[in-house]
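Engineer: The residues making up each chain are set out below.
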Amino acid sequence: MQMIEMILSPLLALIIGIFFLGLSRKIMARIQWRYGPPITQPVIDVIRLFSQKSVSHGKLFNLGIIFSLAGSLVLVLFLPLAQICPLSGSGGMLVILYMMLLAPLGIALSGGESANPNTSIGISRKFILALGYEVPLLLILLALMTHYKTISIVHIVSIQQNTGWAFVSLPLLLSGIAYVLILPAILGIRPFEVVQASQEISSGPMAEYGGPFLALATIQHALSLFIGIALFVNLFLGGAGNLLIFFLKMLVVFVLVLFVNAALPRLRIEQAVKYLWRWPTLLAFIGMIIVLIVRR
Amino acid sequence: MSLELLLIIAFGGAIVTYLLGKISCRIREGFAVLISLSLVVMIACLYGENGTESIYFHFLGLPLIMRTNMLSWFFAMAVSALGALSVIFSLNYMKNRERTDFYYLMLLMVNASMLGIIFSGDLISFFIFWEMMSWSTFLLISYNRGPAVAAGLKYIIMSIIGSMAMLVGVLSLYATYETLNMATLAELIGSASSGYLLFLLIIFSIAFAIKNALMPLHTWLPAAYAEAPTPFNGVLSGMLTRMGMYGFLLIMYVIVGATRALNLGSGLFKFHYILAWLGAITIVIPTFIAILQDDAKKLLAWSAVGQGGYMIVGIAVGTNLGLSGGIFHTLNHAIYIVLLFMCVGAIQYRTGGERDLNSLGGFIKKMPFTFIGTLLGISGLVGIPLTNGFVSKWLIYKTLILEGYPFLAFAALIGTWGCILYCYKFIHHIFLGQLPGKYQNVQKAPFSMLLPMIILSFAILFFGILPGIPLKIIDTIGTSFGFKSMNVTIWGIASETGTLNTINIFAAVLIVSIIAWLMLKIGPKAVSVAQEDTYAAGAAIPKDKYHYTVDFYNPLYRMITPYLKDFIDAFYMKFAHWIQSLCNGTRRVYTGYVGNYVMYIVLFLALLIFIRLKWSL
Amino acid sequence: MDDAGLFSGGPNPILLVVVPLGFAFALPLIGFVSKKILKYIPVGVFMFNLVVALRLLPLVLKQPILVEIGGFSPPFCINLVAGPVGILFSALIALAGLLVAVYTLVYIKEGPEEKYHILYLLLLTAATGVVLTGDIFNLFVFFEILCISSYTLVAYVGNRAGIESSVKYLIQGAVGSSLLLIGIGLLYGLFGTLNMADLARQIVSVGSSSAFIPMAFMITGLGIEAAIFPLNSWLPDAHSSAPSSVSAILSGIAIEVGLYAVVRILFTLFGLSSFFLFFVFLGVLTLLIGEMCAFSQNNIKRMLAYSSIGQIGLILFAFAIATAYAVTGGLFQMISHTLGKGLLFLAAGYMIVRSGSMEISSLKGMGKRMPLTALAFTIGAFSLVGLPPFIGFPSKFLIIRSALAEEALIFNILIGLILLGTVIEGAYFFRVVQVIYFQKENEHQKRHEAPVAALIPMFLFMIAIVAIGIYPKLVTGILDSAASELLDRVDYIRSVIQ
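So the protein lines, in turn, are chains A, B and C.
So for the first sequence, this note's numbering puts the first residue at 18; every next one is plus one.
So for the second sequence, this note's numbering puts the first residue at 245; every next one is plus one.
So for the third sequence, this note's numbering puts the first residue at 7; every next one is plus one.
Read the hints as simulated data drawn from the structure, not as lab findings.
These numbers were taken from a predicted model, which means no experiment stands behind them.
It is possible that part of the hints are untrue.
[As the list claims (entries may be wrong)] Subject to a maximum C-alpha distance of 25 Å in a straight line, what follows is the list of computed SDA-like cross-link-like pairs (lysine to any residue):
no.: 1; chain 1: C; residue 1: K370; chain 2: B; residue 2: I401
no.: 2; chain 1: B; residue 1: K514; chain 2: A; residue 2: I306
no.: 3; chain 1: A; residue 1: K76; chain 2: B; residue 2: A781
no.: 4; chain 1: A; residue 1: K76; chain 2: B; residue 2: G681
no.: 5; chain 1: A; residue 1: K166; chain 2: B; residue 2: I518
no.: 6; chain 1: C; residue 1: K446; chain 2: B; residue 2: I401
no.: 7; chain 1: A; residue 1: K70; chain 2: B; residue 2: I766
no.: 8; chain 1: B; residue 1: K789; chain 2: A; residue 2: V72
The whole structure should be built from the sequences, with the hints applied where relevant.
Structural biologist: So, in structure tokens, the structure goes:
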């Protein structure tokens with residue numbers, strides 16, 4: 018059974034992630050009064066990329082991208098998708114937190130070997146941005162874990178199934194709002210699209226990738242979209258009893274953040290970090306204190 | 245195996261090494277390696293033994309006692325193993341330098357006195373070895389001359405301040421209980437008042453906090469680490485600094501005892517709670533300072549300050565998980581920081597001492613093994629799952645969260661995220677990117693340097709995938725302090741509030757990596773091209789550096805730099821200058837005019853008589 | 007003078023004084039025979055003294071030896087009291103004298119050598135006399151000999167600085183001597199005796215406060231030689247301009263003998279315990295002033311001289327606590343200071359010869375040029391700071407231990423100040439060690455070690471420092487009984503006046 022789950026959950030994540038990619042292009046096009054590509058376009062792109070030639074800059078260039086994709090795939094195994102969670106008892110939230118590091122680190126190592134200044138700038142921005150949103154994110158997650166007195170994400174979900182969503186429970190309300198405020202930063206979309214910034218630094222870390230490399234990078238990107246949203250659904254929207262509801266919740270969240278993406282311009286990296294360290298952090302901080310008071 | 249003999253071999257070996265150096269360098273080096281390896285073997289043989297023995301010498305009527313138990317075995321093993329690796333690493337690094345005899349003597353002396361500290365069963369021998377360690381370290385830190393001299397002086401002055409505080413503590417215990425045997429003290433101290441215990445803990449903490457570079461007593465460390473000879477950095481950062489940790493364990497849990505030590509003070513102002521907060525501050529601020537560094541050794545030095553905070557937080561929380569996390573992190577940190585310093589050493593060796601991050605780059609092609617070592621080292625430092633650093637950090641985070649210290653947990657976690665920034669900077673600036681023209685002909689590091697690096701890299705993975713092996717030992721230490729035993733399995737920790745199972749993670753990572761690799765294999769094979777091809781798109785590129793390294797995190801620097809000046813160090817330096825001018829002022833008492841001097845004599849006589857009349861003594 | 011026969015065949019303690027004194031006067035005569043042999047005479051004399059003192063040591067531990075001169079019994083004669091303290095100091099003086107004399111063989115090459123050796127013998131004879139005598143006027147006489155020979159030796163080099171500081175020393179010393187003499191005169195007027203035991207007995211019976219004024223005079227007078235603040239202004243000049251071998255003796259022996267006299271008068275003669283607290287403060291003040299002044303010196307010998315002031319402060323502090331522990335610690339610190347400072351001055355002496363300057367900065371690269379001498383200096387410095395495994399550590403340990411045993415809060419503060427002094431001491435000594443080993447040196451300076459005759463005494467000093475540091479039991483037995491002799495007035499009186 019566990020074996021099936023282990024195969025099933027990354028596959029699901031992959032399908033949904035790629036679907037989200039296609040969907041986002043479609044919705045963005047419609048908002049901008051364009052027709053937009055078909056929803057299957059990312060799938061076609063990935064398949065096409067696998068058949069194309071590419072250049073490499075060395076062993077680490079190859080390994081880094083594998084590392085990054087593997088990190089994202091493993092992370093999916095730790096996330097409960099409805100009732101499916103193959104690695105529920107192997108480390109909990111803390112491992113998830115760390116696994117979220119692997120993907121950007123892999124890309125960074127791979128891109129670093131290319132010596133392309135655009136790549137390096139992109140990586141530097143990625144890490145700064147990550148530091149920016151981790152401050153509120155960690156406060157939020159710690160508030161959750163402290164409130165539910167567990168470090169296992171499966172427990173967090175199951176408690177919410179019994180007592181209602183964390184997002185609407187009073188002690189965690191502020192934390193939830195803070196999470197919503199930083200969600201675009203976690204997903205790397207506007208107004209926090211500083212890392213890719215295709216008009217500015219030629220897609221940053223992606224600049225050197227072509228062919229299969231770009232395909233893997235796209236898949237990784239899709240997975241990280243999926244993970245970012247699934248994490249929010251699990252932590253604050255109570256997960257779900259079955260897959261369908263889970264995906265519906267994800268879809269709603271995704272469409273909402275797409276609107277944000279469409280409506281806002283890109284910030285500069287300093288502006289982004291300043292924003293992240295101001296309002297979301299303040300809310301998360303107050304949220305944490307509330308949790309502590311309730312706990313006492 | 246008698247401990248007395250062990251120490252005699254350790255100290256005697258140091259001196260014999262020195263003398264052999266007068267005959268031949270090769271014999272000396274062989275002997276140094278032999279001595280350090282035989283110490284490892286001898287200590288390994290002590291596993292599981294519990295015993296005390298008093299050695300022949302008495303010190304002013306105080307018996308000197310050596311004892312071994314799991315705690316001392318654990319630390320001694322780490323000290324001797326890392327010491328041996330550092331000696332091996334030194335063989336090539338120190339070749340053709342001046343005063344190598346002196347270097348080896350002091351290196352082995354430092355190791356021997358650390359073993360002495362660890363095996364001491366009473367506080368007086370503890371103190372004696374502690375002081376010997378301090379001064380021999382001082383001599384080694386100053387070895388490189390130039391700025392190293394100031395660094396050494398700073399180290400030894402802070403160190404003396406610490407040991408003077410400790411001396412007061414030791415002597416006060418002696419005056420109160422008439423014994424300095426740790427075991428006896430632990431029994432007698434149960435009846436002491438809380439105020440006295442608090443005094444003891446604080447006075448000892450000053451010494452240990454200085455050694456462990458706990459903020460705000462950390463200021464000696466960055467300069468000392470940066471200027472010490474690089475092979476010695478391993479010993480210095482790996483174990484010597486962590487003697488402070490050993491000291492904290494000793495005073496808090498062995499002598500005062502967990503139940504008393506964790507109940508001193510009231511409310512939020514409990515001793516261990518404040519200590520944990522100092523640890524948390526020590527995690528955060530140095531981590532951010534490390535991000536700003538452009539000097540490879542300084543960066544690692546600030547990182548070591550920060551990592552020390554984790555250990556303190558771990559043991560100060562006072563739970564079995566925290567304690568294990570703290571002790572385990574001491575070992576883990578020692579492993580990867582030694583490895584990282586060795587990597588810097590290898591780079592320095594091949595580049596003629598270059599350690600400015602901005603003038604390096606692209607060494608992955610030239611020194612691949614060193615790169616792998618560095619990669620594993622920073623993985624351990626960040627705490628990526630399946631490396632050793634992850635397990636110990638996991639333990640610490642978990643206990644912080646579950647015991648309801650979310651802000652401490654926040655400090656610890658944010659430290660890790662800051663850590664990623666400087667770790668990436670470290671590896672990126674040295675190994676990735678563009679290779680400067682002048683290093684086109686750099687060779688691989690020699691084998692005697694690679695060997696310790698390989699062993700340590702292996703250890704990082706080994707303890708990361710099979711953490712149960714060291715955790716079992718640490719659990720024994722924890723239970724000997726009176727903590728509840730953890731449910732240690734070979735793959736990690738099992739418990740209701742969150743299980744850690746590294747083998748699952750390992751298997752999963754292995755499988756998905758293979759899948760990802762296969763996916764890459766599906767496509768056509770990539771063509772290997774020069775680095776600048778894509779970027780320049782065929783156009784001519786500038787001859788000099790085009791790779792982006794200087795001011796790598798520029799936007800962040802601009803934001804945080806104003807808040808990260810080392811105010812504490814500036815304050816100490818100001819204080820030192822103030823003392824200096826006070827001393828200069830005092831000198832004026834001696835005017836050089838003999839009339840004044842005679843006046844002093846007469847005044848003294850008058851004073852004596854005045855006192856007599858005033859108080860009729 | 008035949009009482010020595012009573013005591014199980016040991017040598018007569020008076021030999022300790024008579025032999026060197028005799029040779030001091032015979033030296034010019036021997037000079038007629040051979041000039042070359044002159045410099046070996048102090049070596050022989052102090053070797054003899056050392057042997058005698060060491061043979062006496064086990065005997066006096068059982069019972070003090072009294073030597074009555076002139077056939078009368080005390081209090082009607084001049085007597086020597088060879089108790090544990092006296093013999094301990096005699097041995098120490100003989101040891102330091104011997105080693106420094108060996109050093110002198112090569113160190114003193116210019117000037118009126120013959121006079122140097124005479125004065126050297128006189129100086130140490132007088133020191134031995136001071137610690138052995140049981141008569142207060144005799145003490146004064148020996149003291150004068152000691153002072154006068156030191157004035158002259160300070161000026162031995164004959165340069166302007168030497169003569170100037172010698173004159174300054176002379177003026178202050180003369181003031182001190184006269185104060186001492188006034189004090190003795192007053193005592194004689196009050197009690198009609200000069201024997202210390204007899205005086206002590208009479209003072210016990212009338213109460214010590216009635217004899218306060220003579221005590222104040224005597225303490226002030228002796229305090230000058232003992233270098234107690236603020237009476238020590240002569241010391242930095244004198245110690246730094248004397249030849250290094252003389253500085254070693256002045257720092258290691260002369261001021262300690264001065265302090266011994268102060269302590270003997272305070273403890274045995276007057277026993278004015280209510281005044282001890284004052285000396286505790288004075289000790290700490292002396293310590294701090296000495297260390298702070300030493301910290302700001304650029305001249306190596308001045309730095310060492312100020313450091314001696316600091317050490318004297320520590321010793322005074324220990325004695326003034328006046329418990330058995332503390333006095334043991336004080337005596338121990340005296341030994342430690344003699345060995346350590348002696349070693350430092352000897353090592354510094356040859357480094358100065360080689361570099362040609364007393365500036366600390368000119369010692370750069372000495373670690374390479376004269377490795378053994380540099381090692382000696384380092385060990386001496388570490389020992390004085392009180393680092394294990396050197397002798398400075400157990401002595402400091404004992405002192406602080408005994409101070410901690412005092413309950414009063416003020417002692418805790420004083421301990422803090424003493425430890426602060428230690429930190430400052432560490433700072434300046436380590437700075438010099440760094441200059442010697444780790445400062446960038448000038449190129450082309452070849453290895454040029456001190457001569458063997460100078461290295462041997464340094465080496466022996468080092469061995470003593472390390473051996474006692476590792477195994478303090480070598481001396482603690484003697485120190486304990488010496489401490490009890492100093493503290494137990496009644497016993498002293500009883501043993502002298504049967």
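Engineer: Each hint should be assessed against the structure and marked as holding or not.
Structural biologist: Status of each hint after checking the structure:
1. C:K370 x B:I401: Satisfied, since the Cα-Cα distance of roughly 21 Å is no more than 25 Å.
2. B:K514 x A:I306: Distance of about 20 Å is within 25 Å: holds.
3. A:K76 x B:A781: holds (22 Å)
4. A:K76 x B:G681: Roughly 21 Å separates the two Cα atoms, so the pair holds.
5. A:K166 x B:I518: OK: K166 (chain A) and I518 (chain B) at ~23 Å, within 25 Å.
6. C:K446 x B:I401: holds (22 Å)
7. A:K70 x B:I766: holds (12 Å)
8. B:K789 x A:V72: Given that 25 Å is the threshold and the Cα spacing comes to 22 Å, the pair holds.
Going through the hint list in order, the structure satisfies each hint without exception.
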